[in-house]
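Asks: Sequence:
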Amino acid sequence: MIRRAFRFFLRFGFFILVLLVIIVGGLALLALVGPERAIDFKKLLDAGWWFTSVIRWAVIAGIIVYLPKFAAKRVEKYAQELEGWVDAYDEAEAKGATYETLQDIQARASDCDKMRVSYEKLLRHHRLAGCLLICIEIIFVQFPHLI
Numbered sequence: 341m342i343r344r345a346f347r348f349f350l351r352f353g354f355f356i357l358v359l360l361v362i363i364v365g366g367l368a369l370l371a372l373v374g375p376e377r378a379i380d381f382k383k384l385l386d387a388g389w390w391f392t393s394v395i396r397w398a399v400i401a402g403i404i405v406y407l408p409k410f411a412a413k414r415v416e417k418y419a420q421e422l423e424g425w426v427d428a429y430d431e432a433e434a435k436g437a438t439y440e441t442l443q444d445i446q447a448r449a450s451d452c453d454k455m456r457v458s459y460e461k462l463l464r465h466h467r468l469a470g471c472l473l474i475c476i477e478i479i480f481v482q483f484p485h486l487i
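Numbering (my numbering), first residue to last: 341 to 487.
All the pointers check out, no bait thrown in.
Ranges of calculated distance between the beta carbons of each label pair, as one might list FRET restraints: (1) Leu369 <-> Asp444: 51 to 61 Å; (2) Ile403 <-> Leu442: 34 to 44 Å; (3) Ser393 <-> Glu440: 53 to 63 Å; (4) Gln446 <-> Leu369: 51 to 61 Å; (5) Gly366 <-> Asp451: 36 to 46 Å; (6) Ala432 <-> Ser393: 52 to 62 Å; (7) Leu442 <-> Arg344: 24 to 34 Å; (8) Ala398 <-> Glu433: 47 to 57 Å; (9) Ala412 <-> Ala371: 44 to 54 Å; (10) Tyr406 <-> Gly365: 30 to 40 Å; (11) Leu350 <-> Glu433: 33 to 43 Å; (12) Phe352 <-> Lys461: 24 to 34 Å.
In silico EDC-like cross-links for lysine to aspartate or glutamate, where the CA-CA straight-line distance does not exceed 20 Å: (13) Lys413 <-> Glu460; (14) Lys409 <-> Glu421; (15) Lys417 <-> Asp451; (16) Lys454 <-> Glu416; (17) Lys461 <-> Glu416.
By construction, these hints were calculated from the structure, which means they are not laboratory data.
No experiment lies behind these values; they were computed from the predicted model shown.
Positions of the beta carbon are idealized from the N, C-alpha and C atoms, including for glycine.
Input sequences plus hints: build the corresponding full structure.
Replies: Set out below in structure tokens:
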């Protein structure tokens, strides 16, 4: 529990540090070139926006193509893991394990089954997931640039 909290605060602190570096770098650039040249720099960034947009669309297309394969692999992985937990439960029950041990194994098997079911749903609805990625890209990335 403490390890998770420490990792969270470490990652969050790293994120804040990167964010501060970006903000300070932007302010330093503005102070260095002045407001008039900063507008020219913004025009350069807007021109580069189209290039990065093409890269983002290529990445989204790659994700959409690879998503069914990824989901199928994960379904198989969790199905095998679930079989292992069911076998472990049967073995522990045969050996007369404590109630807490059986509950722990059953909880792990249940978690594994939930993950398997969620990846099966993703596998069945991979086109919907791809459409959602495209909608997020259009609404939150492309649309603000077009306004």
